[in-house]
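> Residues per chain, in single letters:
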Amino acid sequence: MAPLLEVKNIRTYFHTQDGVVKAVDGVSYDVNRGETIALVGESGCGKTVSALSILRLVAEPAGKIISGEILFNGVDLLKLSDAEMHKMRGARISIIFQEPQTSLNPVLTIGRQISEGLEFHKNMSLHDGMLEATRLLKLVGIPHPERRVYEYPHQFSGGMRQRAMIAIAIACQPQLIIADEPTTVVDVTIQAQLLELIRNITKELDTALILITHNLGIVARYAKRVFVMYAGNIVEYGQALDVYHQPCHPYTAGLLASVPRLDEPRKNRLQPIEGQPPDLIAPPAGCAFQARCTYSLPQCSKEKPVLMQITPGHFAACWISQRGTKPWQK
Amino acid sequence: MAVEINTPVVFERPPHTLWGDAIIRLRRNYFAMGGLAFIILLSLAAICAPLITHYGFADQHLDQILQGPSAQHWMGTDQLGRDTFARLLYGARTSLAVGIFTQFIVIVIGLPIGAIAGYAGGRVDNYIMRFVDVMYAFPDILLIILLRSVLGGSIYMLFLAIGLVAWVNISRLVRGQLMALKSRDFVSAAKAMGGMGPYITWRHLLPNALGPIIISITFNIPRAIFTEAALSYIGIGVKPPTPSWGAMIQDGFNLIFSKPYMLLFPAIALALLMLAFTFLGDGLRDALDPKMRR
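Protein chains in written order, with our numbering: chain F, 550 to 879; chain W, 2 to 295.
Treat the hints as calculated values from the structure; they're not laboratory data. The beta-carbon is built from N, C-alpha and C at its ideal position, and this holds for glycine as well. Be a bit skeptical, because a hint or two may be false.
Simulated restraints on C-beta separations [stated by the list, open to error]: (1) Gln704/F / Met197/W: 23 to 33 Å; (2) Ala46/W / Leu675/F: 34 to 44 Å; (3) Ile24/W / Leu819/F: 48 to 58 Å; (4) Gly198/W / Ile615/F: 20 to 30 Å; (5) Arg131/W / Ile830/F: 26 to 36 Å; (6) Pro51/W / Arg696/F: 46 to 56 Å; (7) Ile24/W / Leu754/F: 32 to 42 Å; (8) Asp186/W / Asn622/F: 25 to 35 Å; (9) Ile615/F / Gly177/W: 29 to 39 Å; (10) Arg124/W / Glu618/F: 22 to 32 Å; (11) Asp186/W / Asn672/F: 23 to 33 Å.
Sample of chain F residues at the chain W side, in silico, Cβ under 7 Å [stated by the list, open to error]: (12) Ile644; (13) Phe646; (14) Ser652; (15) Leu653; (16) Glu665; (17) Gly666; (18) Tyr701.
Chain F extracted, bound-state conformation (with noise of 0.2 Å):
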């Protein structure tokens, strides 16, 4: 069965003042029905973008799409006219936001804003609408949902205006998700509910999800398949468990390293990754890790890597591996 997502080979450049920055650079990945995937990377690699892509809400007119494909369910979405996308928006295809104290209106009801797709894309009444939203609160698990709808955002706590940006995606039952950082603001014990609240919503739903995060402590629990991205592009990509434990990719592996794990003694330092990301105005000529990476060879600074298969079903885009080695690896 084909894939329900196949993004491929997309380019989307920020036209500003100082130049043109590629903040995705040529990516491609896909999504299965019901799976789970994640995008891994820090900040400014092009995670959010890509992301954004799909739903074509990149900001205009800065922002373009340049080339590429976005397929899903066979359909190419950046061939659709605006009012075709408008139906994909929300009823197909939703979004979290990494930041639910700004994404959700200040002056409407919790529930007025979860009724909205409903009205959008099935034609409820705004008193049916409220009705599901009702319902909808009470399976994220907020208590008194009845009294909850009523309310305005800033009567939520950081963690229930997630849950509430969560029934907001999930209103229309998309056969997509993309959940972006959505669990960078609050704090730790709050994070794993959202995530085991999304894991059970998704698996309930039979949804996909993509999940969007810099923290590779959550992608090995959560997702099935991972895509590590670097400088606008996707450096590594395989099962989570395999890119967990065999790392291709130094930058994966980096990564890694700069997690804190309670299971290694406390005396072993956390190890950062020196340096900054590329200027993706003017990236290097070879590969964009380069400058950062302690195992770097001659040939990495003057030709690029592609992505090539290191294992079955595991791929990376790096000289080394790709030569059979991983000093990385301890």
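Since the structure of chain F is provided, determine the placement of chain W on it from the hints.
Just chain W now, with coordinates in the frame of chain F:
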């Protein structure tokens, strides 16, 4: 967590709309309610003027000109021997009507133009706002004089003429507010749920801009009343002997040193009305902010 579906839901209380909530909050604001009460009382008094005073607004008592307040004439008489209290009551009809009806015209024209410019942005915004700038730069009184000569002399055309000049402020305000609001995250969130431009403007952006819009309108009301006064002074406002507060203030101003009460009473009336609108406007702005909900 178990996922439950089809659980019956019982409503504890009726749905609250933005305005429903606002009215509840407004009722708790005594200053705003005082302002509203004053405006309603004044409107009733203006409508029922013949029941309150037996003097007509044009009755001249030539043996009693320029008198101070007395039992017979509560607020004295003017230079034609007309009862000031009666003229104040009848004048409230003109002034309230000018103040309020021009705002309807201002909203009907200025709000959509500002909203379209603010939401659409880019070239549309540029064209609309350049037109607004031209309107803004044109001297108000000159434009009203021009419009008065084209539209004719009736009082309704006076509302229209003042409204056609005053809408630019609101459209600039609305446009500015929308420009700032449309880059907020909740707008992208609404778009991501399939919301289209007009819906997002109406449902998400304008309610967030209501506070400043209402403040601006409440301050526009006294301005319109003054504009009418200025027009009456140069003879293209309401036609004498129809009284208006503006015209009465202008009359009183000429005799400010010899007969100060002629200026005093209409000036106090206008000041109180302005204060009432300001309190009401302040109260409405607070009431429309959901964060004030208790």
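> For this structure, which hints from the list above don't hold up?
No numbers; nothing is violated.
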